[in-house]
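Colleague: Make the full structure from the sequences, and use the hints.
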Amino acid sequence: MSQPGFLQRLKFQFFNFYPPYFGAGIKVKALNKDRTLFSTTMKLTPFNKNYVGTQFGGSLYSMCDPFYMLILMEHLGSGYLVWDKAATIRFVKPGEGTVRAEFHIPKEKIQEIKEETDRKRKMDVTFTAQIVDVKTGKLVAEVDKVIYVRKKLKE
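The opening residue of the sequence shown carries number 68 in my numbering; numbering runs sequentially from there.
Calculated from the structure, these hints are not laboratory results. A couple of the hints might just be wrong.
To be verified - With a cut-off of at most 20 Å between alpha-carbon atoms, the simulated PhoX-like pairs for lysine-lysine come out as follows: (1) K218 - K174; (2) K221 - K152; (3) K205 - K181; (4) K176 - K221; (5) K221 - K187; (6) K187 - K219; (7) K96 - K218; (8) K110 - K152; (9) K160 - K202; (10) K160 - K187; (11) K110 - K202; (12) K189 - K218; (13) K189 - K202; (14) K152 - K181; (15) K218 - K202; (16) K100 - K218; (17) K218 - K181; (18) K94 - K202.
Claimed, not checked - Here are the simulated distance ranges between beta carbons: (19) T108 - K189: 27 to 37 Å; (20) P173 - K116: 27 to 37 Å; (21) Q197 - F81: 34 to 44 Å; (22) H171 - G90: 40 to 50 Å.
We put the beta carbon where it would ideally sit given N, CA and C, even for glycine.
Modeller: Now the structure itself:
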(Lines of atoms letter the chains of each structure in order from A and count residues from 1; the text may use other names and numbers.)
(Lines give C-alpha, C1' and ligand atoms only; values in the text may rest on other atoms or scores of the structure.)
Protein backbone atom coordinates (compact mmCIF):
# COMPACT_ATOMS: atom_id res chain seq x y z
CA MET A 1 0.00 0.00 0.00
CA SER A 2 1.11 3.52 -0.61
CA GLN A 3 1.63 6.32 1.86
CA PRO A 4 -1.70 7.62 3.21
CA GLY A 5 -2.80 10.71 1.30
CA PHE A 6 -3.43 14.14 2.78
CA LEU A 7 -7.14 13.53 3.38
CA GLN A 8 -6.43 10.13 4.95
CA ARG A 9 -3.89 11.65 7.38
CA LEU A 10 -6.27 14.54 8.12
CA LYS A 11 -9.04 12.09 8.99
CA PHE A 12 -6.86 10.45 11.64
CA GLN A 13 -5.46 13.73 12.96
CA PHE A 14 -9.06 14.55 13.92
CA PHE A 15 -8.44 12.48 17.06
CA ASN A 16 -5.97 15.05 18.38
CA PHE A 17 -8.81 17.58 18.45
CA TYR A 18 -11.62 15.24 19.48
CA PRO A 19 -12.83 16.83 22.77
CA PRO A 20 -12.44 13.76 25.04
CA TYR A 21 -8.90 13.18 23.72
CA PHE A 22 -7.95 16.85 23.65
CA GLY A 23 -9.17 17.34 27.23
CA ALA A 24 -7.29 14.31 28.51
CA GLY A 25 -4.14 15.25 26.62
CA ILE A 26 -4.19 12.12 24.45
CA LYS A 27 -2.23 12.46 21.21
CA VAL A 28 -2.36 10.18 18.20
CA LYS A 29 1.34 10.13 17.37
CA ALA A 30 1.71 7.70 14.49
CA LEU A 31 -0.10 6.00 11.68
CA ASN A 32 2.14 3.81 9.55
CA LYS A 33 2.01 3.84 5.75
CA ASP A 34 0.12 0.51 5.68
CA ARG A 35 -2.50 1.86 8.10
CA THR A 36 -1.96 -1.17 10.35
CA LEU A 37 -0.42 0.61 13.36
CA PHE A 38 -1.39 3.53 15.56
CA SER A 39 0.55 4.96 18.47
CA THR A 40 -0.87 7.20 21.20
CA THR A 41 0.67 9.10 24.10
CA MET A 42 -0.70 10.89 27.12
CA LYS A 43 1.15 13.19 29.52
CA LEU A 44 0.08 13.49 33.14
CA THR A 45 -1.78 16.80 33.41
CA PRO A 46 -4.23 18.43 35.85
CA PHE A 47 -7.02 17.39 33.43
CA ASN A 48 -6.28 13.64 33.59
CA LYS A 49 -4.95 13.39 37.16
CA ASN A 50 -7.01 11.51 39.73
CA TYR A 51 -7.41 12.15 43.46
CA VAL A 52 -4.08 10.48 44.34
CA GLY A 53 -2.10 12.34 41.66
CA THR A 54 -1.75 9.62 39.03
CA GLN A 55 -3.42 9.16 35.66
CA PHE A 56 -7.16 8.64 35.75
CA GLY A 57 -8.03 5.08 34.72
CA GLY A 58 -10.72 6.27 32.33
CA SER A 59 -8.17 8.36 30.45
CA LEU A 60 -5.79 5.40 30.26
CA TYR A 61 -8.59 3.33 28.75
CA SER A 62 -9.69 6.12 26.39
CA MET A 63 -6.28 6.27 24.76
CA CYS A 64 -6.85 2.64 23.66
CA ASP A 65 -10.49 2.73 22.72
CA PRO A 66 -11.10 2.84 18.95
CA PHE A 67 -7.86 1.89 17.23
CA TYR A 68 -8.15 -1.86 16.63
CA MET A 69 -11.66 -1.29 15.31
CA LEU A 70 -10.45 1.51 13.01
CA ILE A 71 -7.61 -0.59 11.60
CA LEU A 72 -10.03 -3.38 10.73
CA MET A 73 -12.60 -0.97 9.26
CA GLU A 74 -9.93 0.57 7.01
CA HIS A 75 -8.77 -2.79 5.69
CA LEU A 76 -11.98 -4.79 5.50
CA GLY A 77 -14.00 -2.05 3.84
CA SER A 78 -17.70 -1.36 3.61
CA GLY A 79 -18.68 -5.01 3.07
CA TYR A 80 -18.05 -5.72 6.75
CA LEU A 81 -19.56 -4.47 9.99
CA VAL A 82 -16.89 -3.86 12.65
CA TRP A 83 -17.78 -2.93 16.25
CA ASP A 84 -16.08 -2.75 19.61
CA LYS A 85 -17.84 -5.45 21.62
CA ALA A 86 -16.08 -5.57 24.98
CA ALA A 87 -13.01 -4.31 26.82
CA THR A 88 -11.08 -5.10 29.97
CA ILE A 89 -8.34 -3.03 31.55
CA ARG A 90 -5.85 -4.37 34.07
CA PHE A 91 -3.94 -1.75 36.02
CA VAL A 92 -0.40 -2.87 36.83
CA LYS A 93 1.17 0.28 38.30
CA PRO A 94 0.17 3.94 38.59
CA GLY A 95 0.65 6.17 35.56
CA GLU A 96 2.91 8.90 36.91
CA GLY A 97 4.28 10.51 33.75
CA THR A 98 3.90 10.23 29.99
CA VAL A 99 2.49 6.90 28.82
CA ARG A 100 2.38 5.33 25.39
CA ALA A 101 0.36 2.60 23.68
CA GLU A 102 0.63 0.94 20.28
CA PHE A 103 -2.10 -0.80 18.32
CA HIS A 104 -0.93 -3.04 15.51
CA ILE A 105 -2.67 -5.66 13.41
CA PRO A 106 -0.31 -7.26 10.87
CA LYS A 107 -1.65 -7.58 7.32
CA GLU A 108 -1.51 -11.38 7.63
CA LYS A 109 -3.80 -11.27 10.69
CA ILE A 110 -6.22 -8.94 8.88
CA GLN A 111 -6.34 -11.43 5.99
CA GLU A 112 -7.00 -14.30 8.44
CA ILE A 113 -9.85 -12.32 10.02
CA LYS A 114 -11.33 -11.58 6.59
CA GLU A 115 -11.14 -15.23 5.50
CA GLU A 116 -12.62 -16.56 8.74
CA THR A 117 -15.41 -13.97 8.66
CA ASP A 118 -16.16 -14.89 5.04
CA ARG A 119 -16.44 -18.58 6.08
CA LYS A 120 -18.42 -18.08 9.30
CA ARG A 121 -20.15 -14.75 8.42
CA LYS A 122 -19.24 -13.33 11.87
CA MET A 123 -16.60 -13.62 14.55
CA ASP A 124 -15.10 -12.03 17.64
CA VAL A 125 -11.39 -11.29 17.73
CA THR A 126 -9.42 -10.18 20.80
CA PHE A 127 -6.40 -7.87 20.80
CA THR A 128 -4.26 -6.75 23.74
CA ALA A 129 -2.60 -3.34 23.99
CA GLN A 130 0.04 -2.46 26.54
CA ILE A 131 0.25 0.99 28.08
CA VAL A 132 3.83 1.70 29.12
CA ASP A 133 5.58 4.50 30.96
CA VAL A 134 7.68 6.29 28.32
CA LYS A 135 10.51 7.15 30.74
CA THR A 136 10.92 3.75 32.43
CA GLY A 137 9.45 1.39 29.84
CA LYS A 138 7.49 -0.30 32.63
CA LEU A 139 3.99 -1.64 32.07
CA VAL A 140 1.25 0.59 33.48
CA ALA A 141 -1.83 -1.26 32.20
CA GLU A 142 -3.05 -3.80 29.67
CA VAL A 143 -6.25 -3.41 27.69
CA ASP A 144 -8.03 -6.33 26.03
CA LYS A 145 -10.38 -5.33 23.22
CA VAL A 146 -12.94 -7.73 21.77
CA ILE A 147 -13.90 -6.69 18.24
CA TYR A 148 -17.00 -8.06 16.51
CA VAL A 149 -16.65 -8.54 12.74
CA ARG A 150 -19.54 -9.53 10.49
CA LYS A 151 -19.88 -9.89 6.74
CA LYS A 152 -22.74 -7.65 5.60
CA LEU A 153 -25.62 -9.29 3.82
CA LYS A 154 -25.97 -8.48 0.14
CA GLU A 155 -28.96 -6.29 -0.55
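Colleague: Now look at each hint and say whether the structure bears it out.
Modeller: Results for each hint:
1. K218 - K174: Given that 20 Å is the threshold and the Cα spacing comes to 18 Å, the pair holds.
2. K221 - K152: Violated, because 23 Å separates the two Cα atoms, which is more than 20 Å.
3. K205 - K181: violated, 34 Å
4. K176 - K221: violated, 25 Å
5. K221 - K187: holds, 15 Å
6. K187 - K219: The given pair, whose Cα atoms are some 12 Å apart, holds under the 20 Å limit.
7. K96 - K218: Since the Cα atoms of K96 and K218 sit roughly 31 Å apart, the hinted pair is violated (cutoff 20 Å).
8. K110 - K152: With a Cα-Cα distance of about 28 Å, the restraint between K110 and K152 is violated, given a limit of 20 Å.
9. K160 - K202: holds, 14 Å
10. K160 - K187: violated, 40 Å
11. K110 - K202: holds, 11 Å
12. K189 - K218: holds, 6 Å
13. K189 - K202: Violated, at roughly 41 Å.
14. K152 - K181: Distance of about 17 Å is within 20 Å: holds.
15. K218 - K202: Judged against 20 Å, a Cα distance of about 42 Å means the pair is violated.
16. K100 - K218: The hint is violated at about 26 Å.
17. K218 - K181: Status holds; Cα separation ~9 Å.
18. K94 - K202: Holds, because 17 Å separates the two Cα atoms, which is no more than 20 Å.
19. T108 - K189: 27 to 37 Å: Check passed, 34 Å falls within 27 to 37 Å.
20. P173 - K116: 27 to 37 Å: Because 35 Å falls inside the window, the suggested range holds.
21. Q197 - F81: 34 to 44 Å: violated, 25 Å
22. H171 - G90: 40 to 50 Å: violated, 26 Å
Of the numbered hints stated above, those contradicted by the structure are hints 2, 3, 4, 7, 8, 10, 13, 15, 16, 21, 22, listed in ascending order.
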